[in-house]
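Top line first, the protein sequences correspond to chains A, B and C.
Under the working numbering, think of the first position of the first sequence as 1, with each following residue one higher.
Under the working numbering, think of the first position of the second sequence as 253, with each following residue one higher.
Under the working numbering, think of the first position of the third sequence as 475, with each following residue one higher.
These are computed hints drawn from the structure, not numbers from a lab.
Where hints are given, some of them may not hold.
Only pairs whose alpha carbons sit at most 20 angstroms apart, straight line, appear in this in silico SDA-like list of lysine to any residue [stated by the list, open to error]: (1) B:LYS272 <-> C:THR561; (2) C:LYS488 <-> B:GLU474; (3) C:LYS488 <-> A:PRO155; (4) B:LYS302 <-> A:ASP153; (5) B:LYS302 <-> B:LEU288; (6) C:LYS488 <-> A:ASP153.
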Amino acid sequence: MSGSVLHWFRFSSPATFYPIAGRLIPVFWVLAALFGAAGLWIGFFIAPTDATQGEGYRIIFVHVPVSWMSMFLYLVMAIWAGIGLVLNTRLSSMMAQALAPTGALMAFLSLWTGAFWGKPMWGTWWVWDARLTSELILLFLYLGFMALQASIDDPRRADKASAILALVGVVNLPIIYFSVIWWNTLHQGASVSLTKAPSMAQTMLWGMLLMSLGYWMYSIAMALTRLRAIILEREAHADWVTRLPELTKVPR
Amino acid sequence: MISVMIASLHRDLLLVMRRKSEVLTALFFFVIVTSLFPLGIGSDPGLLRKIAPGVIWVSALLATLLGLQRILASDYADGTLEQMALSPAPLSAIVAGKILAHWLVCGLPLVVLAPVIGLQFDLGGSAVGLVMLTLLLGTPTLSMIGAVGASLTLGARGGGALLSLLVLPLYIPVLIFGAGAVNAQIAGLGAEGHLSLLAALLIFTAVFAPWVAAVSIRISLE
Amino acid sequence: MLRVVNLSCSRGDKVLFSHVHAELKPGEIIHLRGENGAGKTSLLRLLVGLSTPAAGEILWNDVPITRCRESYLRHLLFLGHQSALKTDLTSIENLRLLSAIDGVALTEDAVTAVLGQFGLWGRERFPVEWLSAGQRRRVLLARLSLQSAKLWVLDEPLNALDVGATELLLRMISDHLAADGMVFMTSHQSLDLPNVRVLTL
Chain A
1 MSGSVLHWFR FSSPATFYPI AGRLIPVFWV LAALFGAAGL WIGFFIAPTD
51 ATQGEGYRII FVHVPVSWMS MFLYLVMAIW AGIGLVLNTR LSSMMAQALA
101 PTGALMAFLS LWTGAFWGKP MWGTWWVWDA RLTSELILLF LYLGFMALQA
151 SIDDPRRADK ASAILALVGV VNLPIIYFSV IWWNTLHQGA SVSLTKAPSM
201 AQTMLWGMLL MSLGYWMYSI AMALTRLRAI ILEREAHADW VTRLPELTKV
251 PR
Chain B
253 MISVMIASLH RDLLLVMRRK SEVLTALFFF VIVTSLFPLG IGSDPGLLRK
303 IAPGVIWVSA LLATLLGLQR ILASDYADGT LEQMALSPAP LSAIVAGKIL
353 AHWLVCGLPL VVLAPVIGLQ FDLGGSAVGL VMLTLLLGTP TLSMIGAVGA
403 SLTLGARGGG ALLSLLVLPL YIPVLIFGAG AVNAQIAGLG AEGHLSLLAA
453 LLIFTAVFAP WVAAVSIRIS LE
Chain C
475 MLRVVNLSCS RGDKVLFSHV HAELKPGEII HLRGENGAGK TSLLRLLVGL
525 STPAAGEILW NDVPITRCRE SYLRHLLFLG HQSALKTDLT SIENLRLLSA
575 IDGVALTEDA VTAVLGQFGL WGRERFPVEW LSAGQRRRVL LARLSLQSAK
625 LWVLDEPLNA LDVGATELLL RMISDHLAAD GMVFMTSHQS LDLPNVRVLT
675 L
């Protein structure tokens, strides 16, 4: 995520970070909208029709960016969780907790758009190619992370246990990905593969890049929003929370 | 440190000897699950020969999962795990002994039972031998990864289902290389690549798993 | 010598206690008292290093226990709420294996002799399952005697002990203190021992 490590320690208390996050969120929503609009415009209007796949291939402008994001977010989540484990800081673990659902959503979207791509192209809703299979396993890893957190009552213990799980997952991801590719190449001589994307025209790449940036900004905005909710929930007993304007206004 | 590991191994084996039925249940489970596949898919010998490596491996995964809770749950419940964490000896050595005990009780018997399943599926002799070798190389890795999962879920709600959710994705590479080795052999492609990868996974996991499990146990005991 | 400096502990969101100080020298005993839920067990678990404190330090011979873990644990014996006995194993096997995992080998004869002293004569080879609650506590007392630890950290050791066993434990504690040992324990009852310092949470 953005923000250099040097300045990080200043913001490592939930109380300090809460208002900062609040101010940052609208910025990221705007960036997400801008990048997303630009990416979609290129994707649907500028990029040429593909010779072999016709118009249907355009789903690639959603499918590929969300796939990248799902893997990127897992890495970021594991890093934050690891920092929380080693430096014993609550906010980093909360950040990991906030990232997980968005990452899982990205993985799910990747699978869903993959199905929508596959159906018109090859007539099946699901294809056991390396990318989709790895995404499925990645989704399981996200769900496992969230399930473990939910099942441990003590919050700090939950943070640390899920941090270990995330780190184990990050180390295993390359192994899993490699093993799935290996498995796939041995079983599928056929060309039924979503990873064999049509050769990229320059505009297509730009479109995917812009969409990726859009999803990245979206993820940051969502994660920060969720983080604020998590902070409120976990720090509910603290003085600064009870004095927040959002909580002191009593509805009539 | 080795003596402590052996003491831990001895202790767990002794406990298993006193409750043999628990162990036999897992082995019978392995046999029953493998028998379900022909019942569900059909008994055509050609088909069965094809799916046999995969079926044996998947059943081995599930049978290993069954026994995982046992490694740590009862010690956690009666306070002995706490005492182990307070030993001056490294906790990873104690955990290594427990993992070895789990493998001897849950993993090694699967290797021995494989020929029996092979008979049911009409697998040829050399294929059965290869299945046994892949199980021999792969089941220790399964025990080790499983121990990490079990130590993370100590005292967590969700029990066996949560443990399976956490551990099964991590088992997938072992499954792919294990079953893949036999399939490759049958297809005439040779299994050396798969076997080396299985061995590499085994070594890599052996170096890290006891330590990660020990760290996770300490977290669960906090 | 054990020193507790500015210790504070939190469980979840609640702060259980803070700014706790204590010092324990050879031959001394601290009796930790407090209401239920005040954090007595949590303090003991911090002392032995099972949990990490929210603030403060614990020092063994002026070295933080996080830095001298092995030598600290070698001199420490912790008896918690749970019995730490495997019901499928006999008392002899339990004690010998607990000790082996600590890296200390005990002979069967030595263990049998001590178990006999603690009133388990003739029952050493029974699975712990067959022993009554009081007899199981006596097995743990035997463990106290077998392990040569300088610091005893005991959580409610007098629970479930009959009059005879209570006297036995108090006598063991006095002997241990006389031999320059240290005891840090909790108990709801007051202790009939000389020079007991009370720390209240």
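Hint by hint, here is what the structure shows:
Straight-line distance between C-alpha atoms of LYS272 of chain B and THR561 of chain C comes to about 15 angstroms, which keeps the hinted pair within the 20 angstroms bound. For the suggested pair LYS488 of chain C and GLU474 of chain B, the alpha carbons sit about 15 angstroms apart, so the restraint of at most 20 angstroms is met. Restraint check for LYS488 of chain C and PRO155 of chain A: satisfied, since their Cα atoms lie roughly 12 angstroms apart, inside the 20 angstroms limit. With a CA separation close to 46 angstroms, the supplied pair LYS302 of chain B and ASP153 of chain A exceeds the 20 angstroms bound.
A C-alpha spacing of about 16 angstroms is found between LYS302 of chain B and LEU288 of chain B, which places the hinted pair at or below 20 angstroms, so the restraint holds. As the CA atoms of LYS488 of chain C and ASP153 of chain A are separated by approximately 14 angstroms, the hinted pair is consistent with the 20 angstroms bound.
In terms of the numbered hints stated before, the structure departs from hint 4 and from no other.
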